[in-house]
Amino acid sequence: MRFSFPLMALGLEVAMIVLFGLFAEYETSWYDYQPNTTQITESERFFQLYPLFQDVHVMIFVGFGFLMTFLKKYGFSGVGINLFVAALGLQWGIIMQGILHSHGEKIQIGIKNIINADFSTATVLISFGAVLGKTSPIQMLIMTILEIAAFAGNEYLVGEIFQATDIGASMTIHAFGAYFGLAVAGILYRSGLRKGHRNEESTYNSDLFAMIGTIFLWIFWPSFNSAIAEPGEEQNRAIVNTYFSLAACVLTAFAFSSLVTHGGKLNMVHIQNATLAGGVAVGTCADMDISPYMAMIIGSIAGVVSVLGYKFLTPCFAAKLRIHDTCGVHNLHGLPGVIGGLASIVAIVMGKSKKSTTAIQAAALGSSVGTAIVGGILTGPSRERI
Amino acid sequence: MRFSFPLMALGLEVAMIVLFGLFAEYETSWYDYQPNTTQITESERFFQLYPLFQDVHVMIFVGFGFLMTFLKKYGFSGVGINLFVAALGLQWGIIMQGILHSHGEKIQIGIKNIINADFSTATVLISFGAVLGKTSPIQMLIMTILEIAAFAGNEYLVGEIFQATDIGASMTIHAFGAYFGLAVAGILYRSGLRKGHRNEESTYNSDLFAMIGTIFLWIFWPSFNSAIAEPGEEQNRAIVNTYFSLAACVLTAFAFSSLVTHGGKLNMVHIQNATLAGGVAVGTCADMDISPYMAMIIGSIAGVVSVLGYKFLTPCFAAKLRIHDTCGVHNLHGLPGVIGGLASIVAIVMGKSKKSTTAIQAAALGSSVGTAIVGGILTGPSRERI
Amino acid sequence: MRFSFPLMALGLEVAMIVLFGLFAEYETSWYDYQPNTTQITESERFFQLYPLFQDVHVMIFVGFGFLMTFLKKYGFSGVGINLFVAALGLQWGIIMQGILHSHGEKIQIGIKNIINADFSTATVLISFGAVLGKTSPIQMLIMTILEIAAFAGNEYLVGEIFQATDIGASMTIHAFGAYFGLAVAGILYRSGLRKGHRNEESTYNSDLFAMIGTIFLWIFWPSFNSAIAEPGEEQNRAIVNTYFSLAACVLTAFAFSSLVTHGGKLNMVHIQNATLAGGVAVGTCADMDISPYMAMIIGSIAGVVSVLGYKFLTPCFAAKLRIHDTCGVHNLHGLPGVIGGLASIVAIVMGKSKKSTTAIQAAALGSSVGTAIVGGILTGPSRERI
Chain A
1 MRFSFPLMAL GLEVAMIVLF GLFAEYETSW YDYQPNTTQI TESERFFQLY
51 PLFQDVHVMI FVGFGFLMTF LKKYGFSGVG INLFVAALGL QWGIIMQGIL
101 HSHGEKIQIG IKNIINADFS TATVLISFGA VLGKTSPIQM LIMTILEIAA
151 FAGNEYLVGE IFQATDIGAS MTIHAFGAYF GLAVAGILYR SGLRKGHRNE
201 ESTYNSDLFA MIGTIFLWIF WPSFNSAIAE PGEEQNRAIV NTYFSLAACV
251 LTAFAFSSLV THGGKLNMVH IQNATLAGGV AVGTCADMDI SPYMAMIIGS
301 IAGVVSVLGY KFLTPCFAAK LRIHDTCGVH NLHGLPGVIG GLASIVAIVM
351 GKSKKSTTAI QAAALGSSVG TAIVGGILTG PSRERI
Chain B
387 MRFSFPLMAL GLEVAMIVLF GLFAEYETSW YDYQPNTTQI TESERFFQLY
437 PLFQDVHVMI FVGFGFLMTF LKKYGFSGVG INLFVAALGL QWGIIMQGIL
487 HSHGEKIQIG IKNIINADFS TATVLISFGA VLGKTSPIQM LIMTILEIAA
537 FAGNEYLVGE IFQATDIGAS MTIHAFGAYF GLAVAGILYR SGLRKGHRNE
587 ESTYNSDLFA MIGTIFLWIF WPSFNSAIAE PGEEQNRAIV NTYFSLAACV
637 LTAFAFSSLV THGGKLNMVH IQNATLAGGV AVGTCADMDI SPYMAMIIGS
687 IAGVVSVLGY KFLTPCFAAK LRIHDTCGVH NLHGLPGVIG GLASIVAIVM
737 GKSKKSTTAI QAAALGSSVG TAIVGGILTG PSRERI
Chain C
773 MRFSFPLMAL GLEVAMIVLF GLFAEYETSW YDYQPNTTQI TESERFFQLY
823 PLFQDVHVMI FVGFGFLMTF LKKYGFSGVG INLFVAALGL QWGIIMQGIL
873 HSHGEKIQIG IKNIINADFS TATVLISFGA VLGKTSPIQM LIMTILEIAA
923 FAGNEYLVGE IFQATDIGAS MTIHAFGAYF GLAVAGILYR SGLRKGHRNE
973 ESTYNSDLFA MIGTIFLWIF WPSFNSAIAE PGEEQNRAIV NTYFSLAACV
1023 LTAFAFSSLV THGGKLNMVH IQNATLAGGV AVGTCADMDI SPYMAMIIGS
1073 IAGVVSVLGY KFLTPCFAAK LRIHDTCGVH NLHGLPGVIG GLASIVAIVM
1123 GKSKKSTTAI QAAALGSSVG TAIVGGILTG PSRERI
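Top to bottom, those sequences are chains A, B and C.
Under this note's numbering, the first sequence has 320 at position 320, and the numbering climbs by one with no breaks.
To convert a position in the second sequence, counted from 1, into this note's numbering, add 386.
To convert a position in the third sequence, counted from 1, into this note's numbering, add 772.
Errors might be hidden in some of the hints.
Listed below are the simulated DSBU-like cross-link pairs for lysine-lysine, each with C-alpha atoms no more than 30 angstroms apart in a straight line [as the list claims (entries may be wrong)]:
{"no.": "1", "chain 1": "A", "residue 1": "Lys134", "chain 2": "A", "residue 2": "Lys320"}
{"no.": "2", "chain 1": "C", "residue 1": "Lys844", "chain 2": "B", "residue 2": "Lys459"}
{"no.": "3", "chain 1": "A", "residue 1": "Lys72", "chain 2": "B", "residue 2": "Lys458"}
{"no.": "4", "chain 1": "B", "residue 1": "Lys740", "chain 2": "B", "residue 2": "Lys498"}
{"no.": "5", "chain 1": "A", "residue 1": "Lys265", "chain 2": "A", "residue 2": "Lys320"}
{"no.": "6", "chain 1": "C", "residue 1": "Lys906", "chain 2": "B", "residue 2": "Lys651"}
{"no.": "7", "chain 1": "B", "residue 1": "Lys498", "chain 2": "C", "residue 2": "Lys884"}
{"no.": "8", "chain 1": "A", "residue 1": "Lys112", "chain 2": "C", "residue 2": "Lys1127"}
{"no.": "9", "chain 1": "C", "residue 1": "Lys906", "chain 2": "C", "residue 2": "Lys845"}
{"no.": "10", "chain 1": "B", "residue 1": "Lys697", "chain 2": "C", "residue 2": "Lys844"}
{"no.": "11", "chain 1": "A", "residue 1": "Lys73", "chain 2": "A", "residue 2": "Lys320"}
{"no.": "12", "chain 1": "C", "residue 1": "Lys844", "chain 2": "C", "residue 2": "Lys1092"}
{"no.": "13", "chain 1": "B", "residue 1": "Lys498", "chain 2": "A", "residue 2": "Lys355"}
{"no.": "14", "chain 1": "A", "residue 1": "Lys311", "chain 2": "B", "residue 2": "Lys459"}
{"no.": "15", "chain 1": "B", "residue 1": "Lys741", "chain 2": "C", "residue 2": "Lys884"}
{"no.": "16", "chain 1": "A", "residue 1": "Lys73", "chain 2": "C", "residue 2": "Lys844"}
{"no.": "17", "chain 1": "B", "residue 1": "Lys459", "chain 2": "A", "residue 2": "Lys72"}
{"no.": "18", "chain 1": "A", "residue 1": "Lys265", "chain 2": "B", "residue 2": "Lys459"}
{"no.": "19", "chain 1": "C", "residue 1": "Lys1037", "chain 2": "A", "residue 2": "Lys134"}
{"no.": "20", "chain 1": "C", "residue 1": "Lys1083", "chain 2": "C", "residue 2": "Lys844"}
{"no.": "21", "chain 1": "C", "residue 1": "Lys1083", "chain 2": "A", "residue 2": "Lys73"}
{"no.": "22", "chain 1": "A", "residue 1": "Lys134", "chain 2": "A", "residue 2": "Lys311"}
{"no.": "23", "chain 1": "C", "residue 1": "Lys1124", "chain 2": "A", "residue 2": "Lys106"}
{"no.": "24", "chain 1": "B", "residue 1": "Lys458", "chain 2": "C", "residue 2": "Lys844"}
The set of hints was computed from the structure by calculation and includes no laboratory data.
All chains should be built: construct the whole structure from the sequences, respecting the hints.
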């Protein structure tokens, strides 16, 4: 029994090394560099994107990691398991996405892959938020493998088959990760795992540690939403829109937190989480020509919905649906992710983007939520067998 | 009463959305991109500046936020209200600066505006340090609106009318923010608000949280001082000068902290704050051809003055002038900001810059300090009415 | 007595200012900019490297600083003295490296120097980890001056005379810093300094603070290993290899931590430190054409060796060799640094690089470890005289 986790971790690392040995090589397109051309070379592009990659990297490891330190008893587990899951997930994400996108050739590893690999891990880390305190490392390990496979499949379907647009991944990462995690949490709840409730308390210090996560996520979200956008106009727009959506979201989240909290005080859980909903919700539209004020409207709505979700939906989910969502990922990633998908439909109706149609975007949203729920339900019981 | 804060916050966000809808649009100058030119395009410039922007962003939200966690009872307020104030301030800053600089045309939102928007918020966050523990969120909200309007006015006067040089904003942000905050703190003191003293204690953990703020501010200060400098020589110089000024400042701050502290020990407040004075003081001269050793002299002086300020001036201000400066912003931003202005006068006398004259720089310093004090005095009482 | 530290610090800062006044000037090569050429100008290169510099800067001040907060009584000392040592060390590093490399001309200060200056300080900060809790600020000050001189000498020997390759400085920084620190710790131990053991405990919060250091080091290590690599292919490879080596290392470190810990639990010390060994070990080979899977093998081995070192070697060193290694730098920097040197020999044998020969690499490794041990032994007693 006590050797299961180390042996599985070692076995998976050996498997990753074999897979990389067989299927991966360095990206070589910068060999084509023409000295007399004014085009940006691949190597220059590497340097344009590298800072954005590092911002995303900080979000994954510091942002998600410390956001989960708010529980006094699970702080170290939160940030530690977060590191483990992400380190495994990024290797596996490269392989899964690479196989789907490389059409039988070797996977060319450059800056784009490692950004996408970080993205892959985000789905599992979001789901982790729903099951924090209810799972063992070995269960997380299995969930990482299964969820990233499901994510890569859905992302290929949405992006390549449907040709939907989802630059900041509101649907394919945030909604997907949240509903996957909720489905798993629902399964775990039924299995009688009602532990963790007694330890579900925060302290003053654990809340401050969590704010490290919140603030770094908030700061670097423009990089998350723009990292894989088209260079130029679209990428710059993705940065600007996300910046303003997040700022607007903070104001409405603070306002509604005060409105729904006893005595008009601010609720720390809202501040830690709902202030980020604007980044999620603007994701799908981030590179569209929606104007900054539209981004601010999207962010404002997300802040309101997220606070109301924490206040009313989360207790209801636990009591009625028997889904216990430890970090409230439904309010931070689930609902705002759905808002993101719906916002893209509105934007297309308003003529702000010709990249996709309303039907395609609706299909993408449905596919992301549906695949996540089915995937989560199928993953849940498999974790009991260990 | 309890609905004042949420309603004001929501009302302001609606106002911002309307203002952005009327007056703001994406920057479009990169449409002019000529494929056969070797000039750096706007989009490339966006990518050169984006990492500097993100460094400044970290300073505003992590740096200022966590620097204010040193009080055991106000840690969460510090970092939370900091986020709220900055999120409001950056939207308002875009509008105020945009209206003054865009000469009746629409505000073109690109990387430069969002850097400047972050800068606008810095003034309020500095002032917040002087009144931490003495104000409610609603008071901070009013101060944000009034102070940023005053800041934008003074910055336009100093930069556009006087044509003074202040690349790192020692005068227009640091001295301005500090003296504005001190004036407000003076007004609040007179009103009989003597609360907060009992809670004015730090713990071992709260001091460590504050060091997160200190270190991130210290690290990214070269980006703060160089972000809006002329590309090339001047921008690179701003980075190098700030780097060395800060390094020198650490040595003198540690030395004087040990000199003036009982038993030769180090005082945590000095380490948290005075080590940063070098970044403030070198600001105005940062892009001038002053040589690294001059930057180190400026930093060394700032470190000494800042520690002496904490030791002797702050208690004196509280006792004699009835100004209670919670975080000691006078020592970290006020005095070093004035040093920055004076250093630029010396540098011009020594022939290190031809961008400005000694009279213009003196006028800029006087205007910044004067506007701040008058603005702070006028803002102070208005906050009592709520 | 109580004036020794402040006077020495002030005296050193004055000396630095004089040395910079005599020997340093801004880099001026960007004056040569040709408007009609497609070559990357120095100023553009500055901007390509500046984000990497800032990543390294975060590692030095946040990473190393907070990694040393794990002891409940030395948290503030750890991060505070780290700041002081690094601020002194970077000034001194510029001078020492500049004198050796500038061949009698003035030291041209640009982005490369300040990256290298940060690197210089890393050696002392690594050594600091071995003696944390056993030294006074004044002893650290002396060690900084002596160790950086020894480091610059060895680095010149290895890089310029031997022409060895060590892009991520596994040998010249990590192994050097670790063995220097161990030698000093050994000397201090013999002198009867057995204090610090009672306070050698961590708390839940201090362990979380240390994780801030761990995670930021982990995230930005690709920048550390690539910052001074050749632009293009080699630099990109250094990033990719380090990314995968670190990911693999996390899996084996977690696995072996669970294997060697009572009850299959995870040991916090292992998670905080051994997860980083992959970044150290891949350093020397980082820019070579070794393929990602080889980087993962190197990282996997480093994670295993590092955990085993913490479990078995550190107690043995304390008991048998009377070397008390507070942070276990031998396991995080010493052994993985040696692995890095050995890996480069294997890579050259396998034909992955023609930049160096096996004999040269072996000489570089021997020189780094040897110089460090001799330097540390000579430095140790000098610190007793104060």
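Verification of the supplied hints:
no., hint, in the structure
1, A:Lys134 / A:Lys320, "holds (19 angstroms)"
2, C:Lys844 / B:Lys459, "holds (21 angstroms)"
3, A:Lys72 / B:Lys458, "holds (17 angstroms)"
4, B:Lys740 / B:Lys498, "holds (24 angstroms)"
5, A:Lys265 / A:Lys320, "holds (28 angstroms)"
6, C:Lys906 / B:Lys651, "holds (16 angstroms)"
7, B:Lys498 / C:Lys884, "holds (27 angstroms)"
8, A:Lys112 / C:Lys1127, "holds (29 angstroms)"
9, C:Lys906 / C:Lys845, "holds (12 angstroms)"
10, B:Lys697 / C:Lys844, "holds (28 angstroms)"
11, A:Lys73 / A:Lys320, "holds (27 angstroms)"
12, C:Lys844 / C:Lys1092, "holds (27 angstroms)"
13, B:Lys498 / A:Lys355, "holds (29 angstroms)"
14, A:Lys311 / B:Lys459, "holds (25 angstroms)"
15, B:Lys741 / C:Lys884, "holds (29 angstroms)"
16, A:Lys73 / C:Lys844, "holds (18 angstroms)"
17, B:Lys459 / A:Lys72, "holds (18 angstroms)"
18, A:Lys265 / B:Lys459, "holds (15 angstroms)"
19, C:Lys1037 / A:Lys134, "holds (16 angstroms)"
20, C:Lys1083 / C:Lys844, "holds (21 angstroms)"
21, C:Lys1083 / A:Lys73, "holds (25 angstroms)"
22, A:Lys134 / A:Lys311, "holds (22 angstroms)"
23, C:Lys1124 / A:Lys106, "holds (20 angstroms)"
24, B:Lys458 / C:Lys844, "holds (17 angstroms)"
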